[in-house]
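Chains as they are written, first to last, in my numbering: chain A, 1 to 373; chain B, 1001 to 1249.
Treat the hints loosely; a few may be bogus.
To be verified - Calculated pairs, DSS-like style, for lysine-lysine (alpha carbon to alpha carbon, straight line, at most 30 Å):
1. B:Lys1142 to B:Lys1193
2. B:Lys1189 to B:Lys1030
3. A:Lys242 to A:Lys320
4. A:Lys41 to B:Lys1203
5. A:Lys232 to A:Lys158
6. A:Lys267 to A:Lys242
7. B:Lys1203 to B:Lys1142
8. A:Lys190 to B:Lys1227
9. A:Lys158 to B:Lys1203
Since the hints were derived computationally from the structure, they do not count as laboratory data.
Letter by letter, the chains look like this.
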Amino acid sequence: MKVLMKGNIALSEAAIQAGCTAFFGYPITPQNEIPEYMSAKMEPAGGVFIQAESEVGAINMVYGAAAAGARTMTTSSSPGMALKQEGISYLCGANLPCVIVNVARCGPGLGGILPGQSDYFQATRGGGNGDYYTPVYAPSTVQECWDLVFHSFDIADKYRTPVMILLDGMLGQMMEPVETKVHPRLNVDKPWATNGNAASRPRNAITSLSLFGEVLEAMNLERFKVYEEIAKKEVMVENTVKDGDTVAIVAYGAPSRIVVNAIDELKEEGINAGLIRPITLWPYPGDIFLNLPSSVNHILVAELSMGQMVEDVRLAVNGKYPVHFYGRTGGVVFEPIEIANKVREILGKPTKEIESKIESKTATQDENLRGGI
Amino acid sequence: MANIVYEKSRGLTDTPFTYCPGCSHGTIHKLIAESLVELDVLDKSIAIAPVGCSVLAYEFFNCDAIQAAHGRAPAVATGIKRVEPDKIVFTYQGDGDLASIGTAEIIHAAHRGENFTVIFVNNGIYGMTGGQMAPTTLINQKTSTSPYGRQESTTGKPLLVSEMMAQIPSATYIERVSVHDIRHITQAKKAIKKAFEYQIANKGFSMVEVIADCPVGWNMTPVDARKTIADAMIPYYPLGVYKDAGGEA
Ligand SMILES: Cc1ncc(C[n+]2csc(CCOP(=O)(O)OP(=O)(O)O)c2C)c(N)n1
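Okay, chain A solo, but in the shape it has when bound (with noise of 0.2 Å):
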């Protein structure tokens, strides 16, 4: 049976169903749903609920439950994915399995409430100091993001690594039928926790710190191995480019669906174009670029934001093709006349008007601040 739901809550409901046992987080929006969710069912479904006194603090409580052995969850939104950024480098250094919602909002700073997609860097280039990647999932649906939830405590227990979900905060609040199909759950032993157990067994002890450099060095190899295996095994992505596409338009999370609307209005006039989703955004899908069919010429990147994922793309492409940028920030959402624009630009055909919406999207600065920032 399908529910109709809020990303918000299908990401909240999803963790409880696949096992997250305690959940810490503090408000933001475009998040709230999460915190609210979670204060009311974790304790009746016999987890841990706190409302932190920071984002500082709910992660390191993630830190703290996840070396424990938990499952344990924090969700945010962009300023306050800033302030965790401390804690995920302490929970990758230390090996500790967790997941990271970011509902992510538009920036830098104080930025907006608005849905945004520039934290892509911050998500998978480490984020915090020393080297280090987590996963990175992007759901583009409300059912994604229920699947996802599933899949991702699934990897970080795997491979003992924080997993971050980015969204942007429309999905966060957009509502779509869900089958709320409950995934089998990855059992993993967890030998390794400090849970006062040493009764029964050695002592654990739990650190990132080394003072010898060839043994922190030696830790830093053996992680990056483990990311080998995730890049090699783990990757997702969709992909609808096919022989007679001349362009391939690369989006992720809920933005991709507008591009599919351009694809579609492209379509009509002639222009074959197709495109790649990646859900992980890290490790990236870059082999998929490898592997285009000869009809494609360009590739252009959607991304609300002044182009962050464009750089992975180029990387993968290497030369290859050339590879054409459109986007948008503030929290304004491109129209798919935009992205059709854009392709016909790159293939010299002539541009469509686009109807001014100057008006009808300006909100009074009251209006935006019900929203809460």
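Got chain A; can you put chain B with the ligand on it based on the hints?
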């Protein structure tokens, strides 16, 4: 047969301490270790080591242990204790760690009434990074970042952490002790043990502030440093129970 007069506590590993000669950390470690063994909870204890001179405490306490980010130990302890409520959890934090970078975490752990124990080592200085000024540095005390002595006009008066924590409605037990001589070490042991007893009895948040020395950071011999605790630290940081809402343990 040899008669054993004194033994190293089973609560400590055999790893040699990394502390400087004369430093109080070793004494305080010993008091914690003895308390956990005497209360028969060592095997179900989880220590949280801070960033500071005691960053390697996870190698010294003979129980499960975690190293936390600078100042964040109370949040980490919260995460552990909430998912393992029957285990004994304690943080071990310096004054830079607890009273400067970690003020939010410590205050809110007490504010929530978290049922774990904090051992707060106040040596008036950032030991590990080379003796910089801490919020707890005494007025006119010279440190590497207060080379002319701490000035109240620009850096305020030393932070009275126990007094401050005692104001938090959900804190249960706050006591300040010292370890500069045998009499005070005995009292410190009592306080530490009581804090753990309260935790075992689910009585909520307990913190023992231990006035400690840092001979190297203070640029003194260990003997002078101990004397300085008595002559300069304790007059500003009066010892005693600041809050006890736990009744008898
Ligand atoms: C975020 C961060 N800032 C700064 C440091 C550097 N640092 C390491 S130990 C320390 C001071 C610790 O002093 P204190 O808590 O008083 O403990 P002590 O060394 O005196 O025992 C600092 C600032 C760090 N590791 N992390």
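Here's how the hints hold up against the structure:
no.: 1; hint: B:Lys1142 to B:Lys1193; in the structure: violated (34 Å)
no.: 2; hint: B:Lys1189 to B:Lys1030; in the structure: holds (9 Å)
no.: 3; hint: A:Lys242 to A:Lys320; in the structure: holds (18 Å)
no.: 4; hint: A:Lys41 to B:Lys1203; in the structure: holds (26 Å)
no.: 5; hint: A:Lys232 to A:Lys158; in the structure: holds (14 Å)
no.: 6; hint: A:Lys267 to A:Lys242; in the structure: holds (13 Å)
no.: 7; hint: B:Lys1203 to B:Lys1142; in the structure: violated (40 Å)
no.: 8; hint: A:Lys190 to B:Lys1227; in the structure: violated (48 Å)
no.: 9; hint: A:Lys158 to B:Lys1203; in the structure: violated (38 Å)
Consistency with the previously given hints fails for numbers 1, 7, 8 and 9, ordered from lowest to highest.
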